[in-house]
Amino acid sequence: MNINNFLNDVGQGNADIEVVANGEAVSAFKSNGQTNKMLVEQMQKLAEIGVNFVACQNALKAQSIAKESLPEFVTVVPAGITEIARKQTEGFAYIKP
Amino acid sequence: MNINNFLNDVGQGNADIEVVANGEAVSAFKSNGQTNKMLVEQMQKLAEIGVNFVACQNALKAQSIAKESLPEFVTVVPAGITEIARKQTEGFAYIKP
Amino acid sequence: MNINNFLNDVGQGNADIEVVANGEAVSAFKSNGQTNKMLVEQMQKLAEIGVNFVACQNALKAQSIAKESLPEFVTVVPAGITEIARKQTEGFAYIKP
Numbered sequence: 001m002n003i004n005n006f007l008n009d010v011g012q013g014n015a016d017i018e019v020v021a022n023g024e025a026v027s028a029f030k031s032n033g034q035t036n037k038m039l040v041e042q043m044q045k046l047a048e049i050g051v052n053f054v055a056c057q058n059a060l061k062a063q064s065i066a067k068e069s070l071p072e073f074v075t076v077v078p079a080g081i082t083e084i085a086r087k088q089t090e091g092f093a094y095i096k097p
Numbered sequence: 001m002n003i004n005n006f007l008n009d010v011g012q013g014n015a016d017i018e019v020v021a022n023g024e025a026v027s028a029f030k031s032n033g034q035t036n037k038m039l040v041e042q043m044q045k046l047a048e049i050g051v052n053f054v055a056c057q058n059a060l061k062a063q064s065i066a067k068e069s070l071p072e073f074v075t076v077v078p079a080g081i082t083e084i085a086r087k088q089t090e091g092f093a094y095i096k097p
Numbered sequence: 001m002n003i004n005n006f007l008n009d010v011g012q013g014n015a016d017i018e019v020v021a022n023g024e025a026v027s028a029f030k031s032n033g034q035t036n037k038m039l040v041e042q043m044q045k046l047a048e049i050g051v052n053f054v055a056c057q058n059a060l061k062a063q064s065i066a067k068e069s070l071p072e073f074v075t076v077v078p079a080g081i082t083e084i085a086r087k088q089t090e091g092f093a094y095i096k097p
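Residue numbers (this note's numbering), protein chains in the order written: chain H, 1 to 97; chain A, 1 to 97; chain G, 1 to 97.
One thing to keep in mind: the hints can contain errors.
Same chains, same label: a pair holds when it works inside one copy or across any pair of copies.
[Unchecked claim] Taking lysine to any residue and the SDA-like style, the derived pairs with C-alpha atoms no more than 25 Å apart in a straight line are:
| no. | residue 1 | residue 2 |
| --- | --- | --- |
| 1 | Lys-67 | Asn-8 |
| 2 | Lys-30 | Pro-97 |
| 3 | Lys-45 | Ala-28 |
| 4 | Lys-96 | Ala-21 |
| 5 | Lys-61 | Glu-83 |
| 6 | Lys-61 | Gly-11 |
| 7 | Lys-87 | Gly-50 |
| 8 | Lys-67 | Val-10 |
| 9 | Lys-30 | Gln-44 |
Calculated from the structure, these hints are not laboratory results.
Using the sequences provided together with the hints, build the complete structure.
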């Protein structure tokens, strides 16, 4: 929703966007239940237009979510916190939902 | 409160401050009820000494708040998320309350 | 936990880390109760390997926590919000838990 607002405002292709899911948020990538299925479909569409979706391996482990069960468009990184810090040092702005 | 602490610490005029209200937070600009009325008065005072208050149009729409009903000191932007990202690229620090 | 994940990922000594406790979070520095005692011990260990722990004086005051009651490894700053902004202007990435 936020990302759609952002893309509508700046225009597609005018910004690099990465969504890093940390902690409990990684469960958003599980397409169980109707609500989550719709969410995953929305993310799939955003992934197709260039938005990166990243999951924290520590968080997946803590929630017993197998890497293999994630949608194909999700990249797994060892630690979400490092990814967030690294992206900021690369010039990305940070927005905490 | 946070902003007052900040201004007391760095001194007025020594920092540019912008408060971007996104999502449910835009309702803070509605001066209905006693609590909110006091909050709006505090913001009014901060606006007078140079603090910018910004509301996300998407959020206003989602909560059926008319732009015209907002206090005069509030600026409306199409998408709060873009505003937050843009300010960071301009060198603003980001603080999520 | 997050900090441990971060250090495991980037390696100790490869990043400067500062934890700024603001608002209610300053109570984490009080080692009353078993849970908090364990937390303070974890922080103590992180402090020994170079992580800075900072508490906001405004927040301490608001919660009637005496500066003297804090663990030795905690630094008190007048306003946490200024510290967070300053660190970002110094090049620190910001991560809101």
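Okay, the hints, checked on the actual structure:
For the identical chains of this complex, Lys-67 and Asn-8 are inter-copy neighbours only, at 20 Å across copies versus 32 Å inside a copy, given an alpha-carbon limit of 25 Å. When the C-alpha separation of Lys-30 and Pro-97 is checked against a cutoff of 25 Å, the pair qualifies both within a copy, at 19 Å, and between copies, at 22 Å. Within a single copy, Lys-45 and Ala-28 get their C-alpha atoms as close as 15 Å, which meets the 25 Å cut-off; across copies the closest is 33 Å, which misses it. Taking the shortest Cα distances, Lys-96 and Ala-21 sit within 25 Å of each other both inside one copy (11 Å) and across copies (13 Å).
For the identical chains of this complex, Lys-61 and Glu-83 are intra-copy neighbours only, at 17 Å inside a copy versus 33 Å across copies, given an alpha-carbon limit of 25 Å. For the identical chains of this complex, Lys-61 and Gly-11 are inter-copy neighbours only, at 20 Å across copies versus 36 Å inside a copy, given an alpha-carbon limit of 25 Å. Proximity of Lys-87 to Gly-50 under the C-alpha cut-off of 25 Å is found in both arrangements, the shortest distances being 16 Å within a copy and 23 Å between copies. In this assembly of identical chains, the alpha carbons of Lys-67 and Val-10 lie at most 25 Å apart only when taken from different copies (21 Å versus 33 Å within one copy).
For the homomeric pair Lys-30 and Gln-44, the shortest alpha-carbon distance inside one copy (12 Å) is at most 25 Å, but the shortest distance between copies (37 Å) is not.
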